[in-house]
Amino acid sequence: MEVLLLAIAKSKRLAVVARLAALREQQQLIRLQQSQAALKQNQHSLDRLISYKDDYAAGVASGEKGVAVNDLQNFSRFMNDLSYATELQQQQLDRADDTCQQDNARWSQLHARQRRLEELVEVRRRDELHREAISADRENDDRWNALHQTLKAR
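What the sequence shown shows, in the numbering used here, is residues 1 to 154, in sequence order.
There could be a bad hint or two in this list.
Restricting the straight-line Cα-Cα distance to at most 25 Å, the calculated cross-link-like pairs of lysine to aspartate or glutamate (DMTMM-like) are [as the list claims (entries may be wrong)]:
| id | residue 1 | residue 2 |
| --- | --- | --- |
| 1 | K10 | E122 |
| 2 | K10 | E119 |
| 3 | K152 | D142 |
| 4 | K12 | D141 |
| 5 | K40 | D97 |
| 6 | K10 | E25 |
| 7 | K12 | D97 |
| 8 | K53 | D81 |
| 9 | K152 | E132 |
| 10 | K10 | D127 |
| 11 | K40 | D54 |
| 12 | K12 | E122 |
| 13 | K53 | E87 |
| 14 | K12 | E25 |
| 15 | K40 | D94 |
| 16 | K10 | E128 |
| 17 | K40 | E25 |
| 18 | K12 | D127 |
| 19 | K12 | E119 |
| 20 | K152 | D137 |
| 21 | K53 | D94 |
| 22 | K10 | E87 |
| 23 | K12 | E132 |
| 24 | K53 | D71 |
| 25 | K10 | E132 |
| 26 | K53 | D97 |
| 27 | K152 | D141 |
| 28 | K40 | E119 |
| 29 | K152 | E139 |
| 30 | K10 | D97 |
| 31 | K40 | D81 |
| 32 | K40 | E87 |
| 33 | K10 | E139 |
What the hints contain is simulated information worked out from the structure, not anything from laboratory work.
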């Protein structure tokens, strides 16, 4: 009987561990969703910056033929600044993508671990139920045999 209590206690302990694993998985899923949102925002910012740069360059190119040297220098500096900003935004996008991939890998690990723990808890519960059934059968057999012996002795 004591062994059965230990098995039940083990099942309950595993259930607590499985619940904690599920909580960790949910927390990581939230982190993953946040990093995916950041990645999407960074991509959107880069797209807007590239579009602005292209539109600005096209607007200047479609202007009058005569352009002052000073205006051309300002345009060149501004285009260089936009190119630099685009490079920085691309680097930020790359970092956000790396973070997103790491968060996804971590979530996948936690998700798989949590599933394995759930399966283990279920196996332990089935084992406990099976042992309880066997124990109940033995008790019934013992009672039947004791009753049979008592009736036989009369």
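Checking each numbered hint in turn, tell me which of them this model violates, lowest number first. Per hint list: 4, 7, 9, 22, 28 and 30 violated.
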